[in-house]
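Novice: Turn these sequences into a full structure, and let the hints steer you where they fit.
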Amino acid sequence: MHIEKIQLKHALHFSNIQLDFDLQKTPVTLILGDQGSGKTTLLRLSYQALTWFSARFRDLRTAGLSMLDQDILQNRLQSKIDIQVRFPDDLRSLPESAQGEAAPAQSCSWQLYKTLNSQGIGFAKAETQQLDAMVSLYQKARQHDPLLGLPMVAYYPAERFVNEINLLSKNNQAIFQTAHAYEITAIPFTTFARFFEWFREVSDIENAQSAKIIDQILDQALQQSDDIQADQLAQQIEKAKAHMHTPSLTALREALSIVLPELSQIYLDYQPKLQLMVRYQDHTFSFQQLSSSIRNWIALVGDVVRRLCLLNPHSLFPCQEGYWHFTD
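For the sequence shown, the UniProt record's numbering gives the first residue as 1, with consecutive numbering after it.
FYI, nobody ran anything at the bench for these hints, they're computed from the structure.
Treat the hints with caution; some may be incorrect.
In silico DSSO-like pairs for lysine-lysine, Cα to Cα no more than 27 angstroms straight-line [as the list claims (entries may be wrong)]:
{"hint": "1", "residue 1": "K170", "residue 2": "K140"}
{"hint": "2", "residue 1": "K5", "residue 2": "K80"}
{"hint": "3", "residue 1": "K39", "residue 2": "K9"}
{"hint": "4", "residue 1": "K80", "residue 2": "K9"}
{"hint": "5", "residue 1": "K170", "residue 2": "K212"}
{"hint": "6", "residue 1": "K125", "residue 2": "K80"}
{"hint": "7", "residue 1": "K125", "residue 2": "K39"}
{"hint": "8", "residue 1": "K39", "residue 2": "K25"}
{"hint": "9", "residue 1": "K5", "residue 2": "K25"}
{"hint": "10", "residue 1": "K273", "residue 2": "K170"}
{"hint": "11", "residue 1": "K170", "residue 2": "K5"}
{"hint": "12", "residue 1": "K9", "residue 2": "K125"}
{"hint": "13", "residue 1": "K80", "residue 2": "K39"}
{"hint": "14", "residue 1": "K212", "residue 2": "K273"}
{"hint": "15", "residue 1": "K140", "residue 2": "K5"}
Specialist: Here's what the structure looks like:
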């Protein structure tokens, strides 16, 4: 699923602006402009509109983010966000709207309004008939095809930093729920806390699987009547390494190798104390010893991979699925 267009009317300092997107020609969109030209406004309001998909997927009664009163253009009474997306061709077309107008094939649009009354108090309204129908299509399609992934919706504001690395939290099964990939709250800043919690869980799973495979190899070696050579045992363990890595951590390492080629490994060190370690520029460092910019890049890439893995849990290549990703 991808955005076809988004229109803002009387939103902040935009009287009327429409952005059209063509995924085939420009899969990545870069918004450039002078300071104060409205780049953050475009990203933030686009994200707010898309949170209605995240909210409706959780529950058709759940609302996404609404515009603030101060988002209305000065001396205007109403602001509007109109967004249109295109969903996969393997989902059937949307039913006709309440006005009897058929929606474009495989397209879906919804509108958000914020209106000031005579007392200057803002009231929010959303028209989401087509969105609700599209969400229902996704839910039905996933029942018939568990491999069908969901689009990622993520917004990373300019204020993003690594504040604390929480590696002590474990055995939290909610971390692997699809809903954990979505946020339907305003995001003034990002600390990537969920990434580090997720990394601890998937690392523990990979270590448990690796230990089980090695135990099986050793048990088979002990049961053999002939003495097995050390080099043969090493070869068997080396071959088994291909099955030791979970798709989630494999996707993370591949993504990091593309964005940061100098980073060759990221892992948890359990002894003598639990800490996150990296292999950077052929040297081993604690994650906290890296520069702030490198830590932020690792956490940003890692959080994107985390979301994609949660939304595509049955995919061997989760990072090759579609997503919306807004970075200020």
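Novice: Each hint needs a verdict: does it hold in this structure or not?
Specialist: Hints, one by one, checked against the model:
Under the criterion of a C-alpha separation no larger than 27 angstroms, the hint pairing K170 with K140 is inconsistent with the structure, at around 33 angstroms. Of the supplied pair hints, the one linking K5 and K80 holds, its CA atoms being roughly 14 angstroms apart against a limit of 27 angstroms. Our distance criterion of 27 angstroms between C-alpha atoms is met by K39 and K9, whose separation comes to about 15 angstroms. Restraint check: the Cα-Cα separation between K80 and K9 comes to about 5 angstroms, which is no more than 27 angstroms; the hinted pair holds.
For the hint linking K170 to K212, the alpha-carbon distance of about 20 angstroms falls within 27 angstroms, and the restraint holds. Taking the CA atoms of K125 and K80, the gap is about 10 angstroms. The hint holds against a cut of 27 angstroms. Distance hint between K125 and K39 is fulfilled; the C-alpha atoms sit about 25 angstroms from each other, no more than 27 angstroms. With a C-alpha separation of about 21 angstroms, the suggested pairing of K39 with K25 holds against the 27 angstroms cut-off.
Simply put, K5 and K25 have alpha-carbon atoms about 14 angstroms apart, close enough for the 27 angstroms limit, and the pair holds. For the hint linking K273 to K170, the alpha-carbon distance of about 16 angstroms falls within 27 angstroms, and the restraint holds. Between the alpha carbons of K170 and K5 the distance comes to roughly 41 angstroms, so the proposed pair goes past 27 angstroms and is violated. As the CA atoms of K9 and K125 are separated by approximately 15 angstroms, the hinted pair is consistent with the 27 angstroms bound.
Proximity of K80 to K39 is assessed by CA-CA distance (about 17 angstroms); at most 27 angstroms being required, the pair is judged to hold. Taken as a hint, the K212 and K273 pair is honoured in the structure, with Cα atoms around 23 angstroms apart against an allowance of 27 angstroms. Simply put, K140 and K5 have alpha-carbon atoms about 26 angstroms apart, close enough for the 27 angstroms limit, and the pair holds.
Violation of the numbered hints given earlier is confined to hints 1, 11; the remaining hints are satisfied by the structure.
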